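Enquirer: One letter stands for each residue in the lines below.
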Amino acid sequence: MDKNRFFFQHYGLSEHDLERYLAAALSAGGEYADLYFEYLSSTSLAMDESMVKSASQGISAGCGVRVVVGERTGYAYTDDLSSERILHAARTAALIASGPAKTPSVGFQEKPARSLYPITLPSVDAEISAKVELVMRADQSARAYDPRIQEVRASYVDELRNILVVGSDGTFAEDSQPLARMNVSCIAKTEGNSARGSSGGGGRVALDFFFGEKTPEYFAKEAARQAILQLDAREAPAGEMEVVLGPGWPGVLLHEAVGHGLEADFNRKQTSAFAGLIGKRVASEKCTVVDNGTMPWRRGSLNMDDEGQPTQNTVLIEKGILKGYLSDKLSSRLMGMADTGNGRRESYEHIPMPRMTNTYMLAGQDDPQDIIRSVKHGVYAVNFGGGQVDITSGKFVFSASEAYLIEDGHVTAPIKGATLIGNGPDVLTRVSMVGNDLKLDEGVGTCGKDGQAVPVGVGIPTLKVDRLTVGGTAKKDPGGFMQ
Amino acid sequence: MRIFQPQSQEKTNQKFLRDSVVHESFMPTELETSSQKLETDLREVAQDIVRRAMAGGASAAECVVREGDEFSTLVRLGQVETLKEAGSRSIGVRVFHGQRSASTYSTDFSREALDRMLSSALSLARITSEDPFSGIPDASQLGSLPGDLDLYSADVYSLPGEERINYARRAEKAALDYDPRIKNSEGGSFDAATGHKVLANSHGFVGEYRRSYCSVAAVPIAQTETGGMQRDYWFSVARNLGRLDSPEEVGKIAAQRTLRRLGGRKVKTARLPIVLDPMVANSILGHIFEGINGDSVYRGASFLAGKLGHKIAGDQVTVIDDGTMVGGFGTAPFDGEGIPTRRTVVIENGVLKSYMLNTYTAKKLGLQTTANASRGLAGTPGIGPGNYFLQPGSKTPKEIIAAIPEGLYVTEFLGHGANLVTGDYSRGASGLWISGGELAFPVEEITVAGNLKELFFNISEIGNDLEFRGAMACPTIRIDGLTVGGE
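Chains A and B are the protein sequences, given in the same order.
The first sequence: position 48 = 165 (the working numbering), numbered continuously.
The second sequence: position 284 = 1574 (the working numbering), numbered continuously.
Everything labelled a hint here was simulated from the structure, so no lab data went into it.
Treat the numbers as computed from the prediction; the structure is a model and nothing was measured.
Not one of these hints is a red herring.
In silico SDA-like links for lysine to any residue, alpha-carbon gap of 20 Å or less:
1. B:Lys1653 <-> A:Glu166
2. A:Lys306 <-> B:Gly1596
3. A:Lys331 <-> A:Leu238
4. A:Lys386 <-> B:Pro1470
5. B:Lys1597 <-> B:Glu1580
6. B:Lys1556 <-> A:Asp583
7. A:Lys386 <-> B:Thr1514
8. B:Lys1473 <-> B:Glu1515
9. B:Lys1743 <-> A:Arg313
Please take these sequences and the hints and turn them into a complete structure.
Expert: Here you go:
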């Protein structure tokens, strides 16, 4: 045990203290208890009207105590890390149980450390002037793109989350998780017409990422391009049609259509439309979908989940057959399946549950150009706002923010934003072509479940879905699209 | 369950945002256990931070302190699944060097942490830009509404532990017992919370208030013989226990709402009249709020910018924002900048009468603030609603539906497909088909699309069923001219 020991150093915690807290948590007979210590520091800068209007920094720290008995969970937290307050929280959480006190296993075993985001200087500790430079450059670049770009907002946010998880099963795991993101949004205006565009990205990266790999100019130009393009967008068609999704962020489809429905808690409770479908066909043979928390530097990646379990690369769907669920400690124990390291939580105030990390579809064989050429009348959607799913009925939506008509095998006019709606358990069975161009998103996604927000990633290669409902306003006509 | 791209003004830590999230603004968010109530006077803490910021060279300063308790329990299939009880507190400071400003926050109240919070704010305020419109309100504008606004009742915590669990259990049981097709459940729940907020600034203003909240909910799942599953929910929320609906009533309505979705099918793409139930109609009111929010207006990020005094909606549309209603979910004695809340006529008979403003956006637009500042822990103040509602009409929902030969009754929207810059509107939906003036069969996997510019004018009927379940409330409404996308 020779890691940085953040909480030992900063709060004078010792292993003996941790044992005492766990003993208090199990004092009423709980089967399992864990402690989640979190210290989060963050910075946020926002530029608007070419002025840095807002700058903020902050610290939030606390400890969450969980006690589990069967399917029951008791939870309490404190933002005061004194022994007295943590013991109080432990005893409060303990009340879920009723039985003779149990003692936690003696001694902690530390898991071998991984390093998916090896950063020497976390961006949150870097010079603020460099971050100011980023938002200023984004602002200038977007305005320089086209005189019709009239409003630009650029923001930069970063954080460093130090966590320590200890469990009555001997779990002892700590991690230091950086996260940084830039966003640019623009409004283009002409006489009597306006449109918006936005772009952003980042990951578990250091500040130099934005000075090398993905610069403010890169995001600014993309946002400006989208806004200008949307000035000429036509009405989107309405009704069922062929839809081609571009690579990258349109992987929101997977997140909504299958990802949430495969979280183990919903399947344990039989509330998901995917319950009981393991081993069954849920997608076409061309589809293999994974959730991979082990990709270096990515927004959705983690060395370990918020229960101290190493993350992994989990196959969810293999050649169209449902292979597994995403699990945390509780569901894996109750369902008798392996813990996939997907137990995540927003903060020390929240109970962990199964969540996605980076969810994507593996590349296929098709040339993206051939995919477009195969469509007579349809929609080519390359950028999305976000999505939502009802995991019980399986119905999901995702909202295209940049899309085009496909007419006779050619991408033609840009169309206005439209919501696409489908049914999770069967939408992937209609995937008839999968491109060889897998791409992950830029690092912008945040997933919400039961009021808890966590950073995630998504990705797909170019995909063709033979039938999906497009929520536009223009009528579809056999000879083309009527406006 | 949803995924989204956090927008530029969002902070890294979501929990500090909830105050500015329109639809959740009735939720006290920063919480603390009653046993944790230290003997510290939060007013004194806030005033001390302001004094020290000024002594450190700030030209103006503002401090907010929040603390609160939360309790929640979820019972599933009769068994307790989770019990949560906790409290917390947090502090944020905003400082000015002339026209430059910055903010910092902390959950750690130790002397050392507060010193660091202050010094970071003072140095951060040197790197921001001179903004001629920045600043705290004038001293003459500050104040707090007098009298008891009935926002706090300690009774939300009065139930013994077992009784709280029983509330959750009773709600779920009522849903499960209602019909044999209700075979599963995501549970019944009972939540309670209290919050205490203090705001102080360098004009000598100091104000505080407490709010409480409790709620009971049920989320049943119904299943058909062939296996199709549907889930829906119902809840009751109140500032005190006495005003909460009975768990049995909540469970029964949740069951009815779930059962009516069973066997949903798609329909053909068509342009049809639609009726929105109050829960979903609220989202339309939310789009109006977004569109007249001073932040979007001064930036020209809304198609409603520049429309003050113009007709933006049908004749029968009157929208009020009233932060002063006794006991309201959107009520507070002062806004996020220390200005007494007020009643504002937002839209009167379709004519836009007022934007929703805080001090900054009012100055930008050369107008007066409407006392709608919302203050999170960090960042510049946002804009949030008081009690914001559409004035009800005289028809019952049944009468509105009865007048429609063929149409759609929407009970749920999915997704966030509204673009306030262009007005383009496209959302996933489910609901019930209207045939011959009656609700005929459930419909799902469809879209509803149009443009908000016309949509607001096409609100052709407004129901008499206004009921507050949060800071925003809308009766049943009928909208014509939207495209329903299906097969």
